[in-house]
Amino acid sequence: DVKVTQSSRYLVKRTGEKVFLECVQDMDHENMFWYRQDPGLGLRLIYFSYDVKMKEKGDIPEGYSVSREKKERFSLILESASTNQTSMYLCASSLLAGRRYEQYFGPGTRLTVT
Amino acid sequence: ILNVEQSPQSLHVQEGDSTNFTCSFPSSNFYALHWYRWETAKSPEALFVMTLNGDEKKKGRISATLNTKEGYSYLYIKGSQPEDSATYLCASDTGRRALTFGSGTRLQVQP
Chain A
1 DVKVTQSSRY
11 LVKRTGEKVF
21 LECVQDMDHE
31 NMFWYRQDPG
41 LGLRLIYFSY
51 DVKMKEKGDI
61 PEGYSVSREK
71 KERFSLILES
81 ASTNQTSMYL
91 CASSLLAGRR
101 YEQYFGPGTR
111 LTVT
Chain B
1 ILNVEQSPQS
11 LHVQEGDSTN
21 FTCSFPSSNF
31 YALHWYRWET
41 AKSPEALFVM
51 TLNGDEKKKG
61 RISATLNTKE
71 GYSYLYIKGS
81 QPEDSATYLC
91 ASDTGRRALT
101 FGSGTRLQVQ
111 P
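Those sequence lines, one after another, are chains A and B.
In terms of the numbering used here, the first sequence opens at residue 1 and continues consecutively.
In terms of the numbering used here, the second sequence opens at residue 1 and continues consecutively.
Zero decoy hints are in this set.
Just a sample of chain B residues kept apart from chain A, beta carbon distances all over 10 Å, derived:
#, residue
1, Glu15
2, Thr22
3, Ser24
4, Asn53
5, Lys57
6, Lys58
7, Ser63
8, Asn67
9, Lys69
10, Glu70
Looking from chain B toward chain A, a few residues come up when the C-beta cut is under 7 Å (computed):
#, residue
11, Ser43
12, Ala46
13, Ala98
14, Gly102
No wet-lab data here; the hints were simulated from the structure.
The structure displayed is predicted, hence computed values, not measured ones.
All C-beta atoms, glycine included, are put in the ideal place defined by N, C-alpha and C.
Given these sequences and hints, build the entire structure.
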C-alpha cells in the first residue's frame, strides 16, 4: 500500500512564525505536490516537485517555498505565517507525470495562524 | 485558475436513492480525467482515471462516464448508502504534471 504521511494533523502558529510542513512517501514516487483546501475553492496547487531538488510553482505559490532534498520527502515552508494562510494543507505523490497516474494523498494538516 | 466545474456543490439523499453529479472540464489539451472520494478525517482516494471518449468505469455501486469532445464526466452512485457520504472531487489532467481540481460535490446520505 502506498503511504503518504504528514508530520502533523493539527497545527496552531502565530503570525510571523516560520512554519514547516513535512510530507513523506514510501513508494519511490517521482512527483510530489502540495495543495491547500479552502471551502468552495477546491484543491489549489501551491508547488510541486518532479525530482530531487527540482520544483515548480503551482497556482498560488506566494508566501510559500518548498524543499526536496530526498526523493521521499517534500517540505512546505511558510517563511512568515499570516492569518490568510490558515487552511487545510494536503500533500500528494504520484509516479511519472504524463502517464495518467493517480495521486496518493496524505491525511492533511489543518493549520491555524492566529 | 479553477476551470474545472462541479455540480451540484452539495447533495442530500436518502439511503437507497441513486444519485449523480457532473464534472465539466476544458476539452482542449485533454489527457485524462480523475475522480477522487474524500471522506471526512481521511485522505482523498482515487476512484477512477479515465482517458477515452465514451469510456465508462465501474467500482461496485459507483460508475463514471466520460465525454471528452464536450468536456464533461458524470459520476453515478446506485442505491446510496451512508458510507458513501463524502466529497467527490474531479480533476483535469493535461499531461503536464499537476492536476486541476474542481471544488467538489459534498454528498450526505441519510439512513
